[in-house]
Amino acid sequence: MSKDDALGFLRHMASDPESAQQVVAEYNRLLRDLAREKGFEFTDAELTEAAEALKDASAGEVSDGALTTVVGGDAVIKHGEDEKFFLDPPHMP
Amino acid sequence: MLSEEAAHAFVDERLVDDEGLCAGGQGGQAIPEVLLIVPPFLKPGSPALGAEILAAACRSQGMDCDVLYANLSFAARVGDATYRRIMIPRHGKPLGEAVFAQEVYSGLPHPAPLFATATENAPNFPWDEPAAGERCYDICRAQTPGFLEETAAAVADLAPKIVGFTATVQQTMASLAIAKTVKALRPEIFTMLGGDASRLPMGQALAEIAPMLDCVVAGEADLVFPHLCQDYLQGGASPPWVIECAPPTELDQVAAPDYSSYLRQLGDLQAAGGLPETYPNHLLFESSRGCWWADKSRCRFCGLVHAGYRRKSGARIVAELRAAAERHPGVLLQAADCVMPSGMPHEILPELIEDGFRHPLQWAIRPDLTPAELLLMKKAGFAHVQPGIESLCPSILTAFRKGARAHQNIALLREGRSMRLDVTWNFLFRIPGDDLEEYAGLVRLLPALSHLQPPMTFSSIVLQRTSPFLEDAGRFGFHEVRPSPVYRYLYPPETRIADIALDFQGRWHSALDEAPELRADLEESLRSWMTTWRDPGTHPALFKVPLAGGRVVVQDTRPCAKEAIVLGDAKYADALAYFDAPRTKRQAEEVAGAAVADLLEHGFVIDWDDRYLSLVTRGHGRSRTAA
Chain A
1 MSKDDALGFL RHMASDPESA QQVVAEYNRL LRDLAREKGF EFTDAELTEA AEALKDASAG
61 EVSDGALTTV VGGDAVIKHG EDEKFFLDPP HMP
Chain B
1 MLSEEAAHAF VDERLVDDEG LCAGGQGGQA IPEVLLIVPP FLKPGSPALG AEILAAACRS
61 QGMDCDVLYA NLSFAARVGD ATYRRIMIPR HGKPLGEAVF AQEVYSGLPH PAPLFATATE
121 NAPNFPWDEP AAGERCYDIC RAQTPGFLEE TAAAVADLAP KIVGFTATVQ QTMASLAIAK
181 TVKALRPEIF TMLGGDASRL PMGQALAEIA PMLDCVVAGE ADLVFPHLCQ DYLQGGASPP
241 WVIECAPPTE LDQVAAPDYS SYLRQLGDLQ AAGGLPETYP NHLLFESSRG CWWADKSRCR
301 FCGLVHAGYR RKSGARIVAE LRAAAERHPG VLLQAADCVM PSGMPHEILP ELIEDGFRHP
361 LQWAIRPDLT PAELLLMKKA GFAHVQPGIE SLCPSILTAF RKGARAHQNI ALLREGRSMR
421 LDVTWNFLFR IPGDDLEEYA GLVRLLPALS HLQPPMTFSS IVLQRTSPFL EDAGRFGFHE
481 VRPSPVYRYL YPPETRIADI ALDFQGRWHS ALDEAPELRA DLEESLRSWM TTWRDPGTHP
541 ALFKVPLAGG RVVVQDTRPC AKEAIVLGDA KYADALAYFD APRTKRQAEE VAGAAVADLL
601 EHGFVIDWDD RYLSLVTRGH GRSRTAA
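Each protein sequence line maps, in turn, to chains A and B.
Using my numbering, you'd call the opening residue of the first sequence number 1 and step up by one each time.
Using my numbering, you'd call the opening residue of the second sequence number 1 and step up by one each time.
Hints may be right or wrong, so weigh each one.
As the list claims (entries may be wrong) - With a straight-line cut-off of 35 Å between C-alpha atoms, the simulated DSBU-like cross-links for lysine-lysine are:
id	chain 1	residue 1	chain 2	residue 2
1	B	Lys183	B	Lys161
2	B	Lys571	B	Lys379
3	A	Lys38	B	Lys571
4	A	Lys38	B	Lys585
5	B	Lys585	B	Lys571
6	B	Lys562	B	Lys585
7	B	Lys379	B	Lys296
8	B	Lys161	B	Lys180
9	A	Lys38	B	Lys562
As the list claims (entries may be wrong) - From the structure, some residues in chain A lie toward chain B, with a derived Cβ separation under 8 Å:
id	residue
10	Ala25
11	Leu30
12	Leu31
13	Leu34
14	Lys38
15	Phe40
16	Glu46
17	Glu49
18	Ala50
19	Ala53
20	Ala57
21	Ser58
As the list claims (entries may be wrong) - Have a look at the derived ranges for each label pair, beta carbon to beta carbon:
id	chain 1	residue 1	chain 2	residue 2	range
22	B	Ala372	A	Asp33	54 to 62 Å
23	B	Asp252	A	Ala20	23 to 31 Å
24	B	Arg534	A	Ala25	28 to 36 Å
25	A	Gly39	B	Glu514	46 to 54 Å
26	B	Asp295	A	Asp33	54 to 62 Å
27	B	Ala440	A	Ala25	55 to 63 Å
Honestly, the hints are just simulated from the structure, not real lab data.
A quick note: this is a predicted structure, and the numbers were derived from the prediction, not measured.
Idealized CB from N, CA, C, for every residue including glycine.
Just need the whole structure built from these sequences, with the hints factored in.
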């Protein structure tokens, strides 16, 4: 998987959680290839667990990203359903 | 008109029947003997902590005291977006002060030079579009006469004996303008001004050009102000023209604020559609004043600290937090402290967490908090931290006497991402004695940090009143220091500007001045990092997930990633985890051995500030936690 593909996965996960099984299958395939390349031994169950964990973590990165969008001033900025305020940092120019 | 309704509502709530005034209780509020006014441009999303503390202190002494949030009615008049655009003095340009200065003093030059803002060093500020300054200024100016007239009329109707103004950032000129209008209607009302803008020598210089003020109170007036008012109300002598207050030494003696006035006035304006329903977006509390670090070693750029460090007891802080969380469910509680008291997380948070407390909290912290302390904060409800990161350059942090190292700053950004904490920080550069090689190294380093939260702004250092850099400018390489020219748009020519100014300019030599290409590269790298984080869902990620058998998988979506997915054996996982803490080169070679080269090559570990440090955050699987 290229890094662009991986990033695509992240976005995909955030927008379409129903495709989770497809994503897990893709991660499973990637991990299997990597494990073979490295000479690591994984059981099918371990691979699936790892793929699930990667899927969850990727989805978490996207959803959490929505909470940590950088905004400025003391604004309330709308991002979809989320609203975020920002507080005056010290030493602001 | 909306603000007129609000002003009338404020008065009407205190007038209950045909027979005149109500002394409080059901159906109305007491007519205040002391009225504290919060002028524009305090942010509308939260109440004024200082004014509310003073009001509570006056009430505890038996006086009728209320707080009039004139800033809210002005925000409703000009529109929330316009107000917010003006309220923060961008790049040292206090446009909000200019709005009201034109009402206070005649003959001031037109403040057009304050309109322009440098958007390029804050690309994520949403309202800094070109011409926004002029447009918002014009809107505010058009509304100012009506606002002053109505506010003064509301004050005159209430007929308090004393009117006090709280002036912090960009509130001085609005205070003077309201005081001038009130005095024209009711010259017998005694007018006072206090707040950060009136500390000495600023307060003295201000008093000399503010005949509409009867008294300027300098310093922390928590204990002094109620006695001044009481003496005056009881027919004693008027307070002196300028009075300097000794700060309270025991903060547990300071009254707790009551935000009901703010919430009532806000609610009235929201009901009329004048302000967003999202307000209040935070409420303020305080656990300390001053800075405990500054008592050891003052950061040389910092102009925030004025008095010695004092803090409330843990029991008092816990009680205030519990009460505020119960009274205002879900509303962020933001500490007004310069910095969180040392050891605070372990001192108070376990008790709160054990009792089931989980409430949005925000505190300014030092960047050397441990992951364990950050985790406690996260569990207690912290979503945002303000860690006092001003640079990632080791030599600049040393020159600042910051007491935190660059690798600690980066580690905090990493932990913030791992724990889903919003980390607010700014990047300062271009100081005397800075190091060109270090800047060049930083430009090479920044792409590896793209998954960590970027600074909100970046800028050359600003000289601020009371900062060691200003107070001992020559020693630190600052020459020809003088007040910022913006003050000529605010104050009459006879003003002692050097005593009233907050921001100063000067000349100094930075290595970057001789390397414009490097400076451009640095600024572009910072800008790119910031804009990458503008949209949710596109932030680069670099996280690890532990696998069976002690193995690890790392996913890397940074633009500089060598591989998107890296699988590591148990030794590799251990080596990566070893660098969660900063390590010396010798430690790295002795403990992590052969894995180091691979970790460095992938940019999972960096060699910066004489330390090797992991940049990899922790992934969050279903069975895993933020810890």
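Practice problem: For the pair we were handed, Lys38(A) and Lys562(B), check the Cα-Cα distance against 35 Å. | Solution: At roughly 17 Å apart (the allowed maximum being 35 Å), Lys562(B) and Lys38(A) satisfy the hint.
Exercise. Mind checking the alpha carbons of Lys38(A) and Lys585(B) for me, to see if they're no more than 35 Å apart?
Key: Holds, at roughly 27 Å.
Quiz item: When the nearest CB of chain B is found for Glu49(A), is that gap smaller than 8 Å?
Solution: holds (7 Å)
Self-check item: Assessment of proposed distance window 23 to 31 Å (beta carbons of Asp252(B), Ala20(A))
Solution: Violated - the Cβ-Cβ distance for Asp252(B) and Ala20(A), about 53 Å, lies outside 23 to 31 Å.
Quiz prompt | Pairwise beta carbon distance, Arg534(B) to Ala25(A), judged against the given window 28 to 36 Å | solution = Given about 32 Å between the Cβ atoms, the range holds.
Practice problem: Let me know if the C-beta of Leu30(A) comes in closer than 8 Å to any C-beta of chain B, holds or violated. | Solution: For Leu30(A), the interface hint holds, since the closest Cβ of chain B sits about 6 Å away, which is under 8 Å.
Quiz prompt | Status of the hint placing Leu34(A) at chain B (closest C-beta pair under 8 Å) | solution = holds (4 Å)
Self-check item: Given pair status - Lys180(B), Lys161(B), alpha carbons within 35 Å
Solution: Given pair Lys161(B), Lys180(B) holds - Cα atoms ~16 Å apart, limit 35 Å.
Quiz item: Do the alpha carbons of Lys585(B) and Lys571(B) lie within 35 Å of each other, as the hint requires?
Solution: holds (18 Å)
Practice problem: Have a go at the Phe40(A) hint: is there a Cβ in chain B nearer than 8 Å to its own Cβ? | Solution: holds (6 Å)
Practice problem: Mind checking the alpha carbons of Lys183(B) and Lys161(B) for me, to see if they're no more than 35 Å apart? | Solution: It holds: about 12 Å lies between the C-alpha atoms, which stays within 35 Å.
Quiz item: Are Ala372(B) and Asp33(A) spaced within 54 to 62 Å by their CB atoms?
Solution: violated (38 Å)
The structure shown violates the earlier hints numbered 10, 22, 23, 27.
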